[in-house]
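Participant: Take a look at the letters that make up each chain.
Number of protein chains: 2
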Amino acid sequence: EIYFRLKAELLQDPAFDFTDEGRQWIDRMLDYNVPGGKLNRGISVIDSYKLLKGTELSDDQVFLACALGWCIEWLQAYFLVLDDIMDNSHTRRGQLCWFRVDKVGLIAANDGIILRNHIPRILKRYFREKPYYVNLLDLFNEVEFQTASGQMLDLITTYQGEQDLSKYTMPVYRRIVQYKTAYYSFYLPVACALLMSGENLDHFIDVKNILVEMGTYFQVQDDYLDCFGDPEAIGKIGTDIEDFKCSWLVVQAMAHANESQKKILTENYGKSDSACIAKVKSIYKDLNLQNVFFEYERMSYEQLISSIEGLPGKAVQEVLKSFLHKIYKRQK
Amino acid sequence: EIYFRLKAELLQDPAFDFTDEGRQWIDRMLDYNVPGGKLNRGISVIDSYKLLKGTELSDDQVFLACALGWCIEWLQAYFLVLDDIMDNSHTRRGQLCWFRVDKVGLIAANDGIILRNHIPRILKRYFREKPYYVNLLDLFNEVEFQTASGQMLDLITTYQGEQDLSKYTMPVYRRIVQYKTAYYSFYLPVACALLMSGENLDHFIDVKNILVEMGTYFQVQDDYLDCFGDPEAIGKIGTDIEDFKCSWLVVQAMAHANESQKKILTENYGKSDSACIAKVKSIYKDLNLQNVFFEYERMSYEQLISSIEGLPGKAVQEVLKSFLHKIYKRQK
Ligand SMILES: [Mg+2]
Ligand SMILES: [Mg+2]
Ligand SMILES: [Mg+2]
Ligand SMILES: [Mg+2]
Ligand SMILES: [Mg+2]
Ligand SMILES: [Mg+2]
Numbered sequence: 001e002i003y004f005r006l007k008a009e010l011l012q013d014p015a016f017d018f019t020d021e022g023r024q025w026i027d028r029m030l031d032y033n034v035p036g037g038k039l040n041r042g043i044s045v046i047d048s049y050k051l052l053k054g055t056e057l058s059d060d061q062v063f064l065a066c067a068l069g070w071c072i073e074w075l076q077a078y079f080l081v082l083d084d085i086m087d088n089s090h091t092r093r094g095q096l097c098w099f100r101v102d103k104v105g106l107i108a109a110n111d112g113i114i115l116r117n118h119i120p121r122i123l124k125r126y127f128r129e130k131p132y133y134v135n136l137l138d139l140f141n142e143v144e145f146q147t148a149s150g151q152m153l154d155l156i157t158t159y160q161g162e163q164d165l166s167k168y169t170m171p172v173y174r175r176i177v178q179y180k181t182a183y184y185s186f187y188l189p190v191a192c193a194l195l196m197s198g199e200n201l202d203h204f205i206d207v208k209n210i211l212v213e214m215g216t217y218f219q220v221q222d223d224y225l226d227c228f229g230d231p232e233a234i235g236k237i238g239t240d241i242e243d244f245k246c247s248w249l250v251v252q253a254m255a256h257a258n259e260s261q262k263k264i265l266t267e268n269y270g271k272s273d274s275a276c277i278a279k280v281k282s283i284y285k286d287l288n289l290q291n292v293f294f295e296y297e298r299m300s301y302e303q304l305i306s307s308i309e310g311l312p313g314k315a316v317q318e319v320l321k322s323f324l325h326k327i328y329k330r331q332k
Numbered sequence: 333e334i335y336f337r338l339k340a341e342l343l344q345d346p347a348f349d350f351t352d353e354g355r356q357w358i359d360r361m362l363d364y365n366v367p368g369g370k371l372n373r374g375i376s377v378i379d380s381y382k383l384l385k386g387t388e389l390s391d392d393q394v395f396l397a398c399a400l401g402w403c404i405e406w407l408q409a410y411f412l413v414l415d416d417i418m419d420n421s422h423t424r425r426g427q428l429c430w431f432r433v434d435k436v437g438l439i440a441a442n443d444g445i446i447l448r449n450h451i452p453r454i455l456k457r458y459f460r461e462k463p464y465y466v467n468l469l470d471l472f473n474e475v476e477f478q479t480a481s482g483q484m485l486d487l488i489t490t491y492q493g494e495q496d497l498s499k500y501t502m503p504v505y506r507r508i509v510q511y512k513t514a515y516y517s518f519y520l521p522v523a524c525a526l527l528m529s530g531e532n533l534d535h536f537i538d539v540k541n542i543l544v545e546m547g548t549y550f551q552v553q554d555d556y557l558d559c560f561g562d563p564e565a566i567g568k569i570g571t572d573i574e575d576f577k578c579s580w581l582v583v584q585a586m587a588h589a590n591e592s593q594k595k596i597l598t599e600n601y602g603k604s605d606s607a608c609i610a611k612v613k614s615i616y617k618d619l620n621l622q623n624v625f626f627e628y629e630r631m632s633y634e635q636l637i638s639s640i641e642g643l644p645g646k647a648v649q650e651v652l653k654s655f656l657h658k659i660y661k662r663q664k
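Just so you know, the sequences run in chain order A and B. Per our numbering, the first sequence runs over residues 1 to 332. Per our numbering, the second sequence runs over residues 333 to 664.
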């Protein structure tokens, strides 16, 4: 398993003189936070690279693509560890959030930083001599900057000042999702595969825009499933309503509601009382948000397919279509 | 003022679609956290670069050296914002810690991340076409990794499990200080100047080791002044004793104390009660730690000078000596 190889090398990194205690801490922290996700982002690098190459990959090429995939998983772990602290969350991937684990506490903030710092260590070890090394560093830096900026927007919109639903509009929603989620989850894996294939990312702005659109669509699904999905299938019980999340559903609800419905939403959104949650859900049903979502899903799909088919290059089209078909009408 | 130019450019960064609110947030966050330090680290880049070049610098060269100096100040701000959260500190540089400012709270953790992400934005804007660009990225990445690793050691030594003074030994102390402080405060500025001068850092391992030694000496002074310095001169009242810090003083005290003195230290160190603090200080005096420090200071100075004079290259020697003379016998 490549994860174990990467971890073992990080724990022997000559740039730091580990104590046994320190090595054990990092070992446990990595096992707790890095694997255990759906690995979608990581797998996308390999799948995209295969489609772009058009031929079978050598063992070495597969290894390098996997290493980049794992870098994205490390990036994700870094964002999640810190996001859970800032959101004061309780569970993640079916276990306690790392900062809530006994004797961890706010050391978790520095662990997030360590996770982030592992990425350039991995990149340097395996890609230092590649012609695209500097582009890889620039790519990870730019995408991290965008994600942190999206996170800032999310935080100042959600937490700063009083709870005020009128701030949750479609342009605000789209901007948060685009930066906070879409760049690193959808653009980054494909961009890694493009760099490995020797491409110049400046020539793939359209591809980037389509992937960011797809990432937005993915997050809308996530928000929909949080309320209307099957908890068995998604593996958790949604809490967006009580958490006062800027969810696509509440944005649509506020956009479609009449004054009395808006009042009910305002009075009940963001409260953990189950009667309040039920009132919000009943407004969602009265406004037929399930159908609004199905319509949005159909339109997004059609627009994405037509954008993809407008691109030059069959290989790139295939990459994007396979990505889209993995997520279209997903139930989890 | 170069800081204002860098800030203005970051607030117009085309990689992120700022809202007015978001721009104001970052503007205020930067002004609160980035300037206002002693700027030692930033100034060191320019001073070192001048000495290495041996000739007057062009306006452009001065600007670039300043930009790198500010990158180090940004890095410092990032570490301090997060460190204050993790240490649950109250004040920093004579003002409230950023996370304690009204309506900031844990958004500060993401602000720390944003500060960190500004560095590659500045580097890309001004250094992308320089032959040493990739080395600059590698350097900042490696030094950040070492600092975060040192911070981890500090955190798991200080916070994990019960307060136990017997963990505070000289090797533990040296390792924490070397990684947490010396690399970024002492090695990084000189390494930046070396890269700008076209040098290969692999040929300056001895210089690195001397600077890390100097950084350790600097931190020992810092720990000494926290207890024995003039609060007027250093601009704050030390709190290392009540904070259960792994300070050079307590490490020396534990190394020199007899059993009954150890017992008193163990019972009183890390308590905010002023009677406890007084008991610790009186043991420091009984053990004559001021003289132990003066002796350490003299020996460090002599060893550093002799290491410096053993180096090839007069310009490098001058850089290190000027650095050393800035800190030798400092009172603040
Ligand atoms: Mg969250
Ligand atoms: Mg969040
Ligand atoms: Mg969700
Ligand atoms: Mg601190
Ligand atoms: Mg600290
Ligand atoms: Mg101090």
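Think of the hints as simulated: they come from the structure by calculation, not from any bench. Glycine included, C-beta positions come from ideal geometry on N, C-alpha and C. Mixed in with the good hints there might be a few duds.
[Unchecked claim] On the chain A side, residues computed to face chain B include the following (Cβ under 10 Å):
| no. | residue |
| --- | --- |
| 1 | N110 |
| 2 | E142 |
| 3 | E199 |
| 4 | A275 |
[What the hints assert, rightly or not] Here are the simulated SDA-like pairs of lysine to any residue, each with C-alpha atoms no more than 25 Å apart in a straight line:
| no. | chain 1 | residue 1 | chain 2 | residue 2 |
| --- | --- | --- | --- | --- |
| 5 | B | K456 | A | L165 |
| 6 | A | K167 | B | K435 |
| 7 | B | K456 | A | Q317 |
| 8 | B | K435 | A | D206 |
Participant: Hint by hint, say whether it matches the structure.
Facilitator: Evaluation of the provided hints:
no., hint, in the structure
1, N110, "holds (5 Å)"
2, E142, "holds (6 Å)"
3, E199, "violated (19 Å)"
4, A275, "violated (29 Å)"
5, B:K456 with A:L165, "violated (38 Å)"
6, A:K167 with B:K435, "holds (17 Å)"
7, B:K456 with A:Q317, "violated (31 Å)"
8, B:K435 with A:D206, "violated (39 Å)"
In summary, the structure is inconsistent with hints 3, 4, 5, 7, 8 from the numbered list given earlier, while agreeing with the others.
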